[in-house]
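Novice: Going line by line, the protein sequences match chains A and B.
Mapping the first sequence onto the numbering used here, position 112 (from 1) lands on 159, and the numbers just tick up by one.
Mapping the second sequence onto the numbering used here, position 122 (from 1) lands on 190, and the numbers just tick up by one.
Please keep in mind that the hints were generated in silico from the structure rather than gathered at the bench.
Please note that the accuracy of each hint is not assured.
Derived pair list, reagent style DSSO-like, types lysine-lysine, alpha-carbon separation capped at 27 Å [unchecked claim]:
id: 1; chain 1: B; residue 1: 299; chain 2: A; residue 2: 412
id: 2; chain 1: B; residue 1: 299; chain 2: A; residue 2: 397
id: 3; chain 1: A; residue 1: 412; chain 2: B; residue 2: 287
id: 4; chain 1: A; residue 1: 374; chain 2: A; residue 2: 412
id: 5; chain 1: A; residue 1: 412; chain 2: A; residue 2: 375
id: 6; chain 1: B; residue 1: 287; chain 2: B; residue 2: 161
id: 7; chain 1: B; residue 1: 208; chain 2: B; residue 2: 287
id: 8; chain 1: B; residue 1: 208; chain 2: B; residue 2: 161
id: 9; chain 1: A; residue 1: 282; chain 2: A; residue 2: 317
Not everything, but these chain B residues come out facing chain A in the computed CB check (under 10 Å) [as the list claims (entries may be wrong)]:
id: 10; residue: 102
id: 11; residue: 103
id: 12; residue: 157
id: 13; residue: 159
id: 14; residue: 162
id: 15; residue: 165
id: 16; residue: 204
id: 17; residue: 217
id: 18; residue: 219
id: 19; residue: 297
Remember, predicted model here, so these are calculated numbers, not experimental data.
Where a beta carbon is used, it is the ideal one built from N, C-alpha and C, also for glycine.
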Amino acid sequence: MSATHANPSSASARETTEGTVYTVTGGDWDEVVAAAAKADDERIIVNMGPQHPSTHGVLRLILEIDGETVTEARCGIGYLHTGIEKNLEFRNWTQGTTFVTRMDYLTPFSNEAAYCLGVEKLLGIEDQIPDRATIIRVLMMELNRLSSHLVCIATGGMELGATTVMIYGFRDRELILDLYELITGLRMNHAYIRPGGLAQDLPPGAVDQIRAFLKTMRKNLVEYDKLATGNPIFKARLQDVGYLDLAGCMALGVTGPILRSTGLPHDLRKAQPYCGYETYDFEVPTADTCDAYGRFLIRLEEMRQSLRIVEQCLDRLEPGPVMVADKKIAWPAQLALGADGLGNSLDHIKNIMGTSMEALIHHFKLVTEGFRVPPGQTYVAVESPKGELGVHMASDGGTRPYRVHFRDPSFTNLQAVAAMCEGGQVADVIVAVASIDPVMGGVDR
Amino acid sequence: MTANGNGVNPEKDLNAENLPGRRGDQGEAIRVQRGMFGANNGGDTTGYGGLVRPVRLPGQANRPYGGWFDEVADELEGALEEQSLLPDNAIEKTVVDRDELTFHIAREHLPRVARTLRDDPALRFELCTGVSGVHFPGDKGRELHAVYHLRSITHNRVLRLEVSAPDSDPHIPSIVDVYPTNDWHERETYDFFGIVFDGHPALTRIMMPDDWQGFPQRKDYPLGGIPVEYKGAQIPAPDQRRSYS
């Protein structure tokens, strides 16, 4: 490597077979621009990320730009790969939810629900899941759709410089995180949905608090319309940006709001209902603009529809069990809040330690060994806020998953970056990526 | 589907297709279970230590498959015949399990079958949800499985294609030119399982670093990890703990 400048703070350049490569350090942009201007062509390759505030986490975008025009866009991913799928193979089936909730950390309940529906299908106990558990699953998944879309709109706004949208989005998401904390004990990484049902029932007062939230949220949602929907600057930045039509979506396997922005009302909650979605009254919003603005409008409308579903869930809740009756599958613990946090209830401890030897053996075997799942494989898909979240799981008849593969919508949708950005302006890359709404925890798993 | 109070499904249990310890030689043996409880370390004092049971995956289904499965199978066979390809050569096996349809496809015919499934108006599986690998070290000659799920939005159906390749020759044709979405999915499966998708435009690692050695999701690849001390006790790494599989 031969430095062409005497100044130590300036960009060093070296010749490669791909052309001149400049290594940029702080404070020498003028010289870089001057050196680039002297080159034969205007082509510059910019590395955006992996540490960049507008790439939604550790996404690396490799942009080849000619002036202000992006001529080639590629993604570098894998910076957040945590080997969750491999780890699942070394834990029992119930422990799996603890891992999958961390994949796409903005849609934990969709991940948990997809995983648990898969385990239940392999076990053949889909019909035995108590109604209350299923309704609470739907409730949590729809609250999750709200919180995920709020982050999408908030961070998307921030990346445009619309910090008010960001403040509003995170303000409203905080209300939902408070509900999560009330119901599951945690703001993230809940592991609340378990194979066979739920970790625990709704705590006292939860229904009232959710109803109060619905009221607040209905009022707050209007503010996004007032602030952004008709705003000429916001529209100018989003309209006709990140264009991807139906043929492009089909070829690239893109689902979710991006697919619905092409006018196709494909939503797994309607097409292949799970958790009883066919009994809820809601609509699948679409747009026909194929652009980032259409996706924004769809997300806003989906949040309104989610509020409708949450309300219907609350109306349907009847007292009852939240875990399958089969004691060979149902987790034996009864959780209660103690002085040192949430744990097994004293009644349960008293029963297994003092009264019933069989209950102790049962508890011990189920917790240390886990239950066996008959051999075979299944594919279960749910409509996560970002698109089709599919789980392919295979069992070899053991107490641990043999293989679990998550088809995360962010991973697949991110492939559309090149199709959306090439030929556009550099500034529009930010908008296009924001409209895809990738979460790297889900992309890299 | 009906189920009685014990969680036993009489329809399914009659032929014992889905039970872990079922007898007979139906289906594909993927491993042999020894002992009653699966623990592989520590003494087994139960008296069941000598028990040997093969574990089998659901086997070949017989016609009628039920529902729309027969229609799709007929259409696919007809469409392959029109292309002067004997269906029996392309479709090695058809499995119906848990209300899901799986075609096991001979690997050399995968691109043709995928294209037919996508383009035939009666099939129209326009969306591929990617490929997932599964490693069965005990399934000699077919150790590496690539599993594709195809979704038809037109007909609202999902089916599964399963293709296998031996460890010694881990090659499967790429279907990126049929389903461009499989670009990253095939790279991921290559990265984790070492399945080489012939014809892929740029088959490189996607999650692991470019210079990584080995294929992490294979069963002979260790999970790794170190023992941790917790409240004075040593907890072994997850892959060193007692397992009951």
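Novice: Does each hint hold? Answer for all of them.
Specialist: Checked hints:
1. B:299 with A:412: holds, 23 Å
2. B:299 with A:397: holds, 24 Å
3. A:412 with B:287: Status holds; Cα separation ~26 Å.
4. A:374 with A:412: Roughly 12 Å separates the two Cα atoms, so the pair holds.
5. A:412 with A:375: Given that 27 Å is the threshold and the Cα spacing comes to 10 Å, the pair holds.
6. B:287 with B:161: Holds, because 25 Å separates the two Cα atoms, which is no more than 27 Å.
7. B:208 with B:287: With a Cα-Cα distance of about 14 Å, the restraint between residue 208 (chain B) and residue 287 (chain B) holds, given a limit of 27 Å.
8. B:208 with B:161: holds, 17 Å
9. A:282 with A:317: Answer violated: residue 282 (chain A) to residue 317 (chain A) is near 30 Å, above 27 Å.
10. 102: Nearest chain A Cβ about 13 Å off; hint violated.
11. 103: Violated, because the Cβ-Cβ distance from residue 103 (chain B) to chain A comes to roughly 13 Å (cut-off 10 Å).
12. 157: With Cβ-Cβ at 24 Å, over 10 Å, it is violated.
13. 159: violated, 18 Å
14. 162: With a minimum Cβ separation of about 15 Å from chain A (threshold 10 Å), the hint on residue 162 (chain B) is violated.
15. 165: holds, 5 Å
16. 204: Status holds, d = 8 Å.
17. 217: Result: holds, 5 Å to nearest chain A Cβ.
18. 219: holds, 8 Å
19. 297: Violated. Min distance 20 Å.
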